[in-house]
Amino acid sequence: MAQVFFDDVKEGQDIPTLEKTPTRRTLVMWAGASGDFFELHYDKEFAQSLGNPDVLVHGRLEAAYLTELLTDWVGEKGLVKKVSVQYRGNAFPGQKLLMKGKVTKKYQQGGENLVDLEIFVENPEGKKITPGTAVVALPKK
Amino acid sequence: MTTDSRKFAKTQDEVKAYLGKSIQEVMEIDGTVIRQYCECIGDPNPMWKDTAPPGLVTTAMISSGAMLIGVPLLHKRSVAGGADWEFFKPIKKGDVITTTHEFSELQDKGSEKGPRLLMVYKSSHKNQKGELVAVSTNTIMNF
Chain U
1 MAQVFFDDVK EGQDIPTLEK TPTRRTLVMW AGASGDFFEL HYDKEFAQSL GNPDVLVHGR
61 LEAAYLTELL TDWVGEKGLV KKVSVQYRGN AFPGQKLLMK GKVTKKYQQG GENLVDLEIF
121 VENPEGKKIT PGTAVVALPK K
Chain D
1 MTTDSRKFAK TQDEVKAYLG KSIQEVMEID GTVIRQYCEC IGDPNPMWKD TAPPGLVTTA
61 MISSGAMLIG VPLLHKRSVA GGADWEFFKP IKKGDVITTT HEFSELQDKG SEKGPRLLMV
121 YKSSHKNQKG ELVAVSTNTI MNF
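These protein sequence lines are chains U and D, in that order.
Each residue of the first sequence is one higher than the one before, counting from 1 in this note's numbering.
Each residue of the second sequence is one higher than the one before, counting from 1 in this note's numbering.
Treat the hints as calculated values from the structure; they're not laboratory data.
Errors might be hidden in some of the hints.
Derived DSBU-like pairs (lysine-lysine); straight-line CA-CA distance at most 35 Å [claimed, not checked]:
1. D:K113 x U:K82
2. U:K106 x D:K49
3. U:K106 x U:K127
4. D:K49 x U:K100
5. D:K126 x U:K102
6. U:K96 x D:K109
7. D:K122 x U:K105
8. U:K96 x D:K49
9. D:K76 x D:K21
10. U:K100 x D:K76
11. U:K102 x D:K49
Can you make the complete structure from the sequences, with help from the hints?
The structure is reproduced here in structure tokens:
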């Protein structure tokens, strides 16, 4: 992937979308990797007892996808500085999720070339279920 | 068999008594941890060999540990409300990360619509040199 440079970034520009379809298997892998064994994420009966149609995709897994969206974009010479998310809606296994981002501001601060972004996870209905913000640092040419 | 691993309190004061309680956990970042994380989220980026993806901080070092403080819930339903991560230094293969999780805030946001508690956990992650590599905040909504 080509390195993106601070010089070329424009406020308002979209960054390349990342697509993921987490399955039940992904959720079990995530539970093992994260140590988050809350039944809501792998036991359908338990999830239904709390009023959900199915098990839910872990919010932190969505945050991990959003972090990948950013590391893919900033490349080897860039750095992800901050990620902040709000969990507003649920995602279910088998749904195609789109991770998207838009540049809101570019500026220099403390000797770094920083870019603020609006980021979010979009579900198949086109709803922003996990909106958030991020700050990344990019190299100059 | 369906299980429920959660613990419940009878009063808000019982939950409040946990404020300020913390727990520490140590994780060695070896190649397996990095590989398993990348396989799990499906991140094929070749950069993640000697450097761990920053997203790793969102998983292993965060969720289980903060929950191990054992703060009881007051209401039946709980979901993650939001989270923030700040990354100061990349985590490298071979680093030993010590994380301190603290139950730092309890906000009562109940209204006529129903009860709602916000439980805020703050975590700091340091490497074997004592350098702060990341901090994170996780909010659980209990309603």
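Practice problem: Identify every previously stated hint that the structure contradicts and give their numbers, smallest first. | Solution: Checked against the structure, no hint fails, so every one of them is satisfied.
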